[in-house]
Amino acid sequence: MDTSEFLRAQRENLPILLRKEHVEGKTFIITGSNHGIGREAARHVVRIGAARVILAVRSISKGEEAKRWIESTTGIKGVAQVWHLDTTDWQTVRAFADRSLAELDRIDGFVQNAAVTVGDHELNKEGYELSIAGNVIATLMLAFHLLPRMSETAKKYGGTPHLVFLTTGLAFTQPDAMELVDHEGGAFAALNRKGESSFKPSPKRYSVSNIFKVLLIREFTKLFPYAETGVVMNMLNPGYCNTGLARNGPLGFRIIFNIGGLLIGRSPEMGSRTILHAMQAGPESDGHFLSDCKIKDYIVTEWVTNEKGQAVQKRVWDDFLERVERIEPGLFQRVSSILPEDRRP
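Here the UniProt record's numbering is used: the first residue of the sequence shown is 1, the next is one more, and so on.
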(Lines of atoms letter the chains of each structure in order from A and count residues from 1; the text may use other names and numbers.)
(Lines give C-alpha, C1' and ligand atoms only; values in the text may rest on other atoms or scores of the structure.)
Protein backbone atom coordinates (compact mmCIF):
# COMPACT_ATOMS: atom_id res chain seq x y z
CA MET A 1 0.00 0.00 0.00
CA ASP A 2 1.52 3.33 -1.03
CA THR A 3 1.24 6.55 0.98
CA SER A 4 -1.54 8.06 -1.11
CA GLU A 5 -3.70 4.94 -0.78
CA PHE A 6 -3.03 4.81 2.97
CA LEU A 7 -4.04 8.45 3.49
CA ARG A 8 -7.10 8.02 1.30
CA ALA A 9 -8.15 4.92 3.25
CA GLN A 10 -7.64 6.73 6.57
CA ARG A 11 -10.28 9.27 5.55
CA GLU A 12 -12.89 6.71 4.50
CA ASN A 13 -16.20 6.48 6.33
CA LEU A 14 -16.12 2.73 6.89
CA PRO A 15 -19.36 0.72 6.93
CA ILE A 16 -20.78 -1.16 9.91
CA LEU A 17 -21.22 -4.62 8.40
CA LEU A 18 -22.05 -6.67 11.50
CA ARG A 19 -25.78 -7.35 11.73
CA LYS A 20 -28.19 -8.84 14.26
CA GLU A 21 -28.20 -12.19 12.46
CA HIS A 22 -24.43 -12.40 12.96
CA VAL A 23 -24.56 -12.04 16.76
CA GLU A 24 -28.02 -12.86 18.12
CA GLY A 25 -27.87 -15.56 20.80
CA LYS A 26 -24.11 -15.89 20.40
CA THR A 27 -21.03 -15.62 22.62
CA PHE A 28 -17.97 -13.51 21.84
CA ILE A 29 -14.57 -12.89 23.42
CA ILE A 30 -12.69 -9.65 22.74
CA THR A 31 -9.24 -9.19 24.28
CA GLY A 32 -7.87 -5.76 25.11
CA SER A 33 -11.44 -4.47 25.31
CA ASN A 34 -11.12 -1.99 28.17
CA HIS A 35 -10.14 0.86 25.82
CA GLY A 36 -9.68 1.89 22.22
CA ILE A 37 -11.00 -0.08 19.26
CA GLY A 38 -11.51 -3.20 21.38
CA ARG A 39 -13.90 -1.41 23.72
CA GLU A 40 -15.75 0.15 20.80
CA ALA A 41 -16.06 -3.22 19.06
CA ALA A 42 -17.41 -4.78 22.25
CA ARG A 43 -19.96 -1.97 22.57
CA HIS A 44 -21.14 -2.54 19.01
CA VAL A 45 -21.47 -6.30 19.52
CA VAL A 46 -23.51 -5.75 22.70
CA ARG A 47 -25.65 -3.10 21.01
CA ILE A 48 -26.36 -5.26 17.96
CA GLY A 49 -27.67 -8.11 20.10
CA ALA A 50 -25.11 -10.65 21.30
CA ALA A 51 -26.05 -12.91 24.21
CA ARG A 52 -22.66 -12.70 25.95
CA VAL A 53 -19.54 -10.61 25.36
CA ILE A 54 -16.42 -11.37 27.39
CA LEU A 55 -14.16 -8.37 27.98
CA ALA A 56 -10.78 -10.07 28.41
CA VAL A 57 -8.56 -7.47 30.08
CA ARG A 58 -5.32 -7.11 32.01
CA SER A 59 -6.84 -4.67 34.53
CA ILE A 60 -10.10 -5.78 36.14
CA SER A 61 -10.84 -2.26 37.41
CA LYS A 62 -10.44 -0.78 33.92
CA GLY A 63 -12.50 -3.63 32.52
CA GLU A 64 -15.30 -2.89 34.96
CA GLU A 65 -15.14 0.76 33.97
CA ALA A 66 -15.44 -0.27 30.30
CA LYS A 67 -18.38 -2.52 31.16
CA ARG A 68 -20.20 0.35 32.90
CA TRP A 69 -19.56 2.58 29.88
CA ILE A 70 -20.90 -0.07 27.48
CA GLU A 71 -24.00 -0.59 29.61
CA SER A 72 -24.67 3.13 29.95
CA THR A 73 -24.19 3.88 26.24
CA THR A 74 -26.23 0.90 24.99
CA GLY A 75 -28.81 0.63 27.75
CA ILE A 76 -28.14 -3.12 27.78
CA LYS A 77 -27.08 -4.84 30.99
CA GLY A 78 -26.13 -8.43 31.76
CA VAL A 79 -24.35 -9.11 28.44
CA ALA A 80 -20.81 -7.76 28.95
CA GLN A 81 -18.66 -9.67 31.45
CA VAL A 82 -15.15 -8.82 32.65
CA TRP A 83 -12.57 -11.62 32.78
CA HIS A 84 -8.89 -11.33 33.65
CA LEU A 85 -6.27 -12.00 30.97
CA ASP A 86 -2.64 -10.87 30.97
CA THR A 87 -1.12 -12.11 27.72
CA THR A 88 2.43 -11.73 29.04
CA ASP A 89 1.76 -14.23 31.86
CA TRP A 90 1.33 -17.88 30.85
CA GLN A 91 -0.43 -18.71 34.12
CA THR A 92 -3.25 -16.25 33.40
CA VAL A 93 -3.35 -17.36 29.75
CA ARG A 94 -3.95 -20.95 30.87
CA ALA A 95 -6.43 -19.86 33.55
CA PHE A 96 -8.38 -17.81 31.01
CA ALA A 97 -8.47 -20.70 28.55
CA ASP A 98 -9.55 -23.14 31.27
CA ARG A 99 -12.31 -20.79 32.41
CA SER A 100 -13.52 -20.28 28.84
CA LEU A 101 -13.78 -24.02 28.23
CA ALA A 102 -15.48 -24.58 31.59
CA GLU A 103 -18.04 -21.76 31.38
CA LEU A 104 -18.68 -21.16 27.68
CA ASP A 105 -20.60 -23.90 25.91
CA ARG A 106 -20.13 -21.99 22.66
CA ILE A 107 -17.63 -19.47 21.30
CA ASP A 108 -18.91 -17.80 18.15
CA GLY A 109 -16.25 -15.14 17.87
CA PHE A 110 -12.81 -14.62 19.37
CA VAL A 111 -11.15 -11.29 18.60
CA GLN A 112 -7.48 -11.17 19.60
CA ASN A 113 -7.07 -7.42 19.90
CA ALA A 114 -4.78 -7.11 22.96
CA ALA A 115 -1.38 -5.61 22.12
CA VAL A 116 1.82 -4.95 24.06
CA THR A 117 4.14 -2.01 23.35
CA VAL A 118 7.39 -1.61 25.26
CA GLY A 119 10.00 1.03 25.91
CA ASP A 120 12.60 -1.04 27.75
CA HIS A 121 13.79 -4.61 27.55
CA GLU A 122 11.82 -6.64 30.07
CA LEU A 123 11.23 -10.38 30.32
CA ASN A 124 8.23 -12.24 31.68
CA LYS A 125 8.62 -14.94 34.35
CA GLU A 126 9.39 -17.55 31.70
CA GLY A 127 12.16 -15.50 30.11
CA TYR A 128 10.32 -14.10 27.09
CA GLU A 129 10.58 -10.45 26.12
CA LEU A 130 7.19 -8.88 26.84
CA SER A 131 6.16 -7.84 23.33
CA ILE A 132 7.02 -11.30 22.00
CA ALA A 133 5.23 -12.97 24.92
CA GLY A 134 2.08 -10.88 24.58
CA ASN A 135 1.83 -10.18 20.86
CA VAL A 136 3.07 -13.52 19.53
CA ILE A 137 3.32 -16.48 21.91
CA ALA A 138 0.11 -15.92 23.89
CA THR A 139 -1.87 -15.07 20.75
CA LEU A 140 -1.21 -18.46 19.18
CA MET A 141 -1.49 -20.36 22.48
CA LEU A 142 -4.96 -18.92 23.07
CA ALA A 143 -5.94 -19.89 19.54
CA PHE A 144 -4.71 -23.45 20.17
CA HIS A 145 -6.75 -23.62 23.38
CA LEU A 146 -10.03 -22.26 22.02
CA LEU A 147 -10.18 -23.32 18.37
CA PRO A 148 -11.55 -26.79 19.29
CA ARG A 149 -14.48 -25.21 21.16
CA MET A 150 -15.11 -22.88 18.24
CA SER A 151 -15.06 -25.78 15.79
CA GLU A 152 -17.46 -27.64 18.07
CA THR A 153 -19.70 -24.55 18.10
CA ALA A 154 -19.90 -24.63 14.30
CA LYS A 155 -20.91 -28.29 14.30
CA LYS A 156 -23.36 -28.06 17.20
CA TYR A 157 -25.09 -24.76 16.52
CA GLY A 158 -24.40 -24.05 12.86
CA GLY A 159 -23.21 -20.69 11.65
CA THR A 160 -19.60 -19.66 11.13
CA PRO A 161 -17.46 -18.80 14.15
CA HIS A 162 -14.67 -16.29 13.54
CA LEU A 163 -11.18 -16.14 15.03
CA VAL A 164 -9.84 -12.67 14.27
CA PHE A 165 -6.17 -11.77 14.77
CA LEU A 166 -5.34 -8.07 14.89
CA THR A 167 -1.97 -7.11 13.50
CA THR A 168 -0.55 -4.08 11.67
CA GLY A 169 0.70 -3.03 8.27
CA LEU A 170 3.84 -1.86 10.09
CA ALA A 171 4.85 -5.52 10.25
CA PHE A 172 5.87 -5.27 6.61
CA THR A 173 8.39 -2.49 7.26
CA GLN A 174 10.83 -4.91 8.95
CA PRO A 175 12.40 -7.20 6.30
CA ASP A 176 15.61 -7.53 8.34
CA ALA A 177 13.65 -9.38 11.03
CA MET A 178 13.46 -12.39 8.71
CA GLU A 179 17.22 -12.86 9.16
CA LEU A 180 16.79 -13.54 12.88
CA VAL A 181 16.11 -17.22 12.14
CA ASP A 182 19.84 -17.55 11.48
CA HIS A 183 20.87 -16.14 14.86
CA GLU A 184 22.11 -18.41 17.62
CA GLY A 185 19.18 -20.37 19.03
CA GLY A 186 16.79 -19.12 16.35
CA ALA A 187 14.55 -16.09 16.04
CA PHE A 188 12.81 -16.27 19.42
CA ALA A 189 16.08 -16.68 21.30
CA ALA A 190 17.43 -13.62 19.51
CA LEU A 191 14.29 -11.63 20.22
CA ASN A 192 14.53 -12.43 23.93
CA ARG A 193 18.17 -11.41 24.36
CA LYS A 194 18.99 -8.01 25.80
CA GLY A 195 21.65 -6.29 23.76
CA GLU A 196 20.68 -8.22 20.65
CA SER A 197 20.59 -5.86 17.69
CA SER A 198 17.02 -6.97 17.06
CA PHE A 199 15.77 -5.23 20.20
CA LYS A 200 14.60 -1.72 19.55
CA PRO A 201 11.94 0.14 21.52
CA SER A 202 8.59 1.09 20.00
CA PRO A 203 7.62 1.45 17.22
CA LYS A 204 10.17 -0.90 15.66
CA ARG A 205 9.82 -3.54 18.37
CA TYR A 206 6.04 -3.58 17.95
CA SER A 207 6.47 -3.98 14.20
CA VAL A 208 9.03 -6.78 14.60
CA SER A 209 6.78 -8.71 16.98
CA ASN A 210 3.94 -8.39 14.49
CA ILE A 211 5.85 -9.78 11.53
CA PHE A 212 6.46 -12.95 13.56
CA LYS A 213 2.79 -13.00 14.52
CA VAL A 214 1.85 -12.76 10.84
CA LEU A 215 4.21 -15.60 9.88
CA LEU A 216 2.76 -17.88 12.56
CA ILE A 217 -0.85 -17.05 11.73
CA ARG A 218 -0.24 -17.68 8.04
CA GLU A 219 1.15 -21.13 8.82
CA PHE A 220 -1.58 -21.88 11.37
CA THR A 221 -4.42 -20.97 9.02
CA LYS A 222 -2.81 -23.01 6.25
CA LEU A 223 -2.74 -26.11 8.48
CA PHE A 224 -6.22 -25.51 9.98
CA PRO A 225 -8.36 -24.28 7.07
CA TYR A 226 -12.03 -23.40 7.25
CA ALA A 227 -12.89 -26.48 5.18
CA GLU A 228 -11.66 -28.69 8.05
CA THR A 229 -12.54 -26.62 11.14
CA GLY A 230 -15.70 -24.72 10.17
CA VAL A 231 -14.05 -21.62 11.66
CA VAL A 232 -13.00 -18.58 9.63
CA MET A 233 -9.61 -17.26 10.77
CA ASN A 234 -8.38 -13.98 9.34
CA MET A 235 -5.80 -11.28 10.02
CA LEU A 236 -6.76 -7.64 10.39
CA ASN A 237 -4.95 -4.34 10.05
CA PRO A 238 -7.23 -1.74 11.71
CA GLY A 239 -5.28 1.19 10.28
CA TYR A 240 -3.82 4.14 12.17
CA CYS A 241 -6.22 4.73 15.05
CA ASN A 242 -6.13 7.49 17.63
CA THR A 243 -5.90 5.20 20.66
CA GLY A 244 -3.66 4.52 23.65
CA LEU A 245 -1.52 1.94 21.83
CA ALA A 246 1.65 3.96 22.41
CA ARG A 247 1.04 4.57 26.12
CA ASN A 248 3.86 2.28 27.28
CA GLY A 249 6.36 3.35 24.63
CA PRO A 250 9.18 5.89 25.07
CA LEU A 251 8.23 9.56 25.32
CA GLY A 252 9.33 10.50 21.80
CA PHE A 253 7.27 7.73 20.26
CA ARG A 254 4.22 8.66 22.34
CA ILE A 255 4.42 12.28 21.19
CA ILE A 256 4.81 11.39 17.50
CA PHE A 257 2.12 8.70 17.63
CA ASN A 258 -0.39 10.95 19.37
CA ILE A 259 0.21 13.91 17.05
CA GLY A 260 -0.16 11.62 14.04
CA GLY A 261 -3.33 10.21 15.54
CA LEU A 262 -4.83 13.67 15.85
CA LEU A 263 -3.90 14.58 12.27
CA ILE A 264 -4.80 11.43 10.32
CA GLY A 265 -5.88 8.80 12.84
CA ARG A 266 -9.21 7.06 12.77
CA SER A 267 -11.35 7.46 15.85
CA PRO A 268 -11.52 4.32 18.00
CA GLU A 269 -15.11 3.84 16.87
CA MET A 270 -14.21 4.09 13.18
CA GLY A 271 -11.29 1.72 13.68
CA SER A 272 -13.56 -0.77 15.43
CA ARG A 273 -15.59 -1.11 12.25
CA THR A 274 -12.69 -3.02 10.71
CA ILE A 275 -13.08 -5.57 13.52
CA LEU A 276 -16.81 -5.84 12.88
CA HIS A 277 -16.07 -6.51 9.21
CA ALA A 278 -13.64 -9.30 10.08
CA MET A 279 -16.17 -10.84 12.49
CA GLN A 280 -18.69 -11.41 9.69
CA ALA A 281 -16.42 -11.87 6.66
CA GLY A 282 -17.16 -15.05 4.74
CA PRO A 283 -15.02 -18.17 4.22
CA GLU A 284 -13.28 -16.36 1.35
CA SER A 285 -11.45 -14.35 4.04
CA ASP A 286 -10.05 -17.45 5.77
CA GLY A 287 -6.28 -17.14 6.04
CA HIS A 288 -6.30 -13.74 4.37
CA PHE A 289 -5.21 -10.21 5.31
CA LEU A 290 -7.96 -7.64 5.85
CA SER A 291 -7.71 -3.86 5.92
CA ASP A 292 -10.22 -1.02 5.49
CA CYS A 293 -13.13 -3.51 5.56
CA LYS A 294 -11.77 -5.36 2.52
CA ILE A 295 -9.51 -8.31 1.78
CA LYS A 296 -6.15 -6.75 0.89
CA ASP A 297 -3.61 -9.54 0.56
CA TYR A 298 -1.38 -7.30 -1.54
CA ILE A 299 -0.36 -5.52 1.66
CA VAL A 300 1.54 -8.69 2.64
CA THR A 301 4.92 -8.07 1.02
CA GLU A 302 6.74 -10.34 -1.41
CA TRP A 303 9.55 -11.07 1.05
CA VAL A 304 6.91 -12.86 3.16
CA THR A 305 5.11 -14.68 0.35
CA ASN A 306 8.03 -15.73 -1.87
CA GLU A 307 9.88 -19.04 -1.59
CA LYS A 308 12.47 -17.70 0.85
CA GLY A 309 9.76 -16.11 2.99
CA GLN A 310 7.84 -19.38 3.10
CA ALA A 311 10.97 -21.21 4.23
CA VAL A 312 11.51 -18.67 7.02
CA GLN A 313 7.85 -19.00 8.00
CA LYS A 314 8.21 -22.76 8.37
CA ARG A 315 11.38 -22.40 10.48
CA VAL A 316 9.67 -19.87 12.76
CA TRP A 317 6.66 -22.19 13.09
CA ASP A 318 8.82 -25.20 14.01
CA ASP A 319 10.75 -23.14 16.57
CA PHE A 320 7.48 -21.87 18.01
CA LEU A 321 5.98 -25.37 18.35
CA GLU A 322 9.06 -26.60 20.22
CA ARG A 323 8.70 -23.72 22.66
CA VAL A 324 4.95 -24.24 23.12
CA GLU A 325 5.60 -27.90 23.90
CA ARG A 326 7.93 -26.81 26.71
CA ILE A 327 5.48 -24.18 27.98
CA GLU A 328 2.38 -26.38 27.80
CA PRO A 329 3.06 -30.00 26.81
CA GLY A 330 0.45 -31.55 24.53
CA LEU A 331 -1.33 -28.29 23.61
CA PHE A 332 -0.65 -28.50 19.89
CA GLN A 333 -1.61 -32.17 19.81
CA ARG A 334 -4.96 -31.26 21.36
CA VAL A 335 -5.79 -28.64 18.78
CA SER A 336 -4.60 -30.95 16.00
CA SER A 337 -7.12 -33.57 17.11
CA ILE A 338 -9.94 -31.57 15.50
CA LEU A 339 -8.50 -32.39 12.07
CA PRO A 340 -9.02 -35.69 10.23
CA GLU A 341 -6.16 -38.07 11.02
CA ASP A 342 -4.72 -37.85 7.52
CA ARG A 343 -4.63 -34.03 7.76
CA ARG A 344 -2.94 -33.70 11.15
CA PRO A 345 0.48 -32.02 11.11
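These are computed hints drawn from the structure, not numbers from a lab.
Using N, Cα and C, we set each Cβ at its ideal position, and we do this for glycine too.
Be a bit skeptical, because a hint or two may be false.
[As the list claims (entries may be wrong)] Quick list of simulated restraints, FRET-style, between CB atoms:
1. P345 - Y298: 41 to 51 Å
2. E65 - Y157: 31 to 41 Å
3. P329 - Q10: 21 to 31 Å
4. E71 - E103: 19 to 29 Å
5. N306 - K77: 30 to 40 Å
6. L17 - A311: 13 to 23 Å
7. G78 - G159: 30 to 40 Å
8. E65 - A227: 23 to 33 Å
9. E126 - H84: 32 to 42 Å
10. L339 - I60: 28 to 38 Å
11. L170 - K294: 33 to 43 Å
[Unchecked claim] No more than 25 Å apart at the CA atoms, straight line, and that leaves these computed lysine-lysine pairs for PhoX-like:
12. K77 - K125
13. K222 - K125
14. K204 - K125
15. K294 - K20
16. K77 - K155
17. K308 - K296
18. K125 - K62
19. K296 - K222
20. K20 - K156
21. K308 - K204
22. K156 - K222
### Message
Need the list of violated hint numbers for this structure, in ascending order.
### Response
Failing hints, ascending: 1, 3, 5, 6, 7, 8, 9, 11, 12, 13, 16.
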